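Colleague: These are the residues of each chain, in order.
Protein chains: 2
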Amino acid sequence: MRYKIVLSYDGTPFCGWQSQPNGQSIQDAVERAAERLFGERTSVVGSGRTDAGVHALGQVAHFDCDKVLPPKNVTGGLNAYLPREIRVSDAQYADSGFDARKSAKRKTYMYLAYVGSELPVLNDRAVCVGRDFDTQAVSAALGSLIGEHDFSTFMAAGGGAKTFTRTVYAARIERDGMFIKFYITANGFLYNMVRIITAQLFKIGSGQKTDLSALMEKRDRAYAKELAPACGLYLHDVEYEVTD
Amino acid sequence: MRYKIVLSYDGTPFCGWQSQPNGQSIQDAVERAAERLFGERTSVVGSGRTDAGVHALGQVAHFDCDKVLPPKNVTGGLNAYLPREIRVSDAQYADSGFDARKSAKRKTYMYLAYVGSELPVLNDRAVCVGRDFDTQAVSAALGSLIGEHDFSTFMAAGGGAKTFTRTVYAARIERDGMFIKFYITANGFLYNMVRIITAQLFKIGSGQKTDLSALMEKRDRAYAKELAPACGLYLHDVEYEVTD
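In order, the protein sequence lines correspond to chains A and B. The first sequence begins at 43 in the working numbering and counts up by one. The second sequence begins at 43 in the working numbering and counts up by one.
Same shape as in the complex, but just chain A:
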């Protein structure tokens, strides 16, 4: 049986999604919990990797087990064995053709910032920006990201991507009380793409003139070296075909 699960995690104590020899990844933790629940070893395939310190609200993964358990028992059982920094919010049976990574059509990342004095309860969860942060300027700049573009300016080395063109369906900034939330939805993301773009948005919001279109045309990371901290980044949700 193939299971599809939706996960939320606090990425702070983990070395990222991807399995590591030290076993300190989120994937490792989920595989250990699944082995305890089902009594079988299995590989858990996520919709994509998240870096060390990056959080998820709606990461999606799949895995296969011979044993068939009711979905709500999978949710409850995995949560019983998972560390409290990882919670399964939903589990479903999936078609054998469903692949959490390959079937994903759209992913949305959120970057969380806040204005005002530094608040320790938001340590490792959001980034503090100046009180005069210019949300309007960022909103105006975001339009240039929409559509199909070569995003190699906004790609860190080491991601292993073979093509650099991605389609951004939506990009917006939302002011919500003291919080500023950036959302980017695309059919896929290059390595560190959201954090590199967010670093440019931080420059625009703090009054620097930065032309995202001109940067994209360079197709060269040398023009966008900054990287926003991992701790403000959230994998918000992953969308699949309606037929899933």
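Read the hints as simulated data drawn from the structure, not as lab findings. Just so you know, these numbers come straight off a predicted model, no measurement behind them. Any given hint might turn out to be false.
Coverage of chain A stretches by chain B, computed from C-beta distances (three or more under 8 Å per stretch; other residues unrestricted) [stated by the list, open to error]: (1) 47-60; (2) 120-128; (3) 169-175.
Beta carbons are placed, not taken as given, at the ideal position from N, Cα and C, and that holds for glycine.
Let chain A serve as the given structure and place chain B on it in line with the hints.
Modeller: Just chain B now, kept in the frame of chain A:
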């Protein structure tokens, strides 16, 4: 010179505000930072104690030091020596008659809850409640807290209070996206008063009939034994006379 400081902290790793022999309190951490900055030992007096795991957005404290430093150097200097879970957002010179505890006129506590699936990034910071939480019912119940009352029903043993009458100036519930925030402003609070009241509000919000006025008339904790978790509670701000 007497200094007045405003502090924000993540209470998770501390045993509360009040100095303890093990040195793991917030007061201990601030006194150590002040000693390093001023080269003098001093006692830091907070507006009141917060329990282990309780947070603060605007705790106020005072201390005396012979050395006179510009206020902004006090803010920066203390932050340089404080652990990252404690931040000073403001420092000012205070009149010698100013006392962070005795001069406080009004304090506001916030209790933070959220609806939906459990989110690990909110662990130790907020409490998850059911999706059908009845904000309207809580809002209607809050009115009975307003005014001068004997709050001994809502007091845990061990606080050392000699009088049990307090005046609640404001009590409201606010729905903010997935968050539910309870605010209570009073001239003072009995030991665990906000957490005991919040536990009753949780019952009301989840459909149980609970009459806060009738409970108050009992003047007996036996009628309100529940205690909401410390991690959802925030000391929001402390108000003093305008002449401060």
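Colleague: Give a verdict on every hint.
Modeller: Evaluated hints:
no. : hint    : in the structure
1   : 47-60   : holds (count 3)
2   : 120-128 : holds (count 3)
3   : 169-175 : violated (count 0)
In summary, the structure is inconsistent with hint 3 from the numbered list given earlier, while agreeing with all the others.
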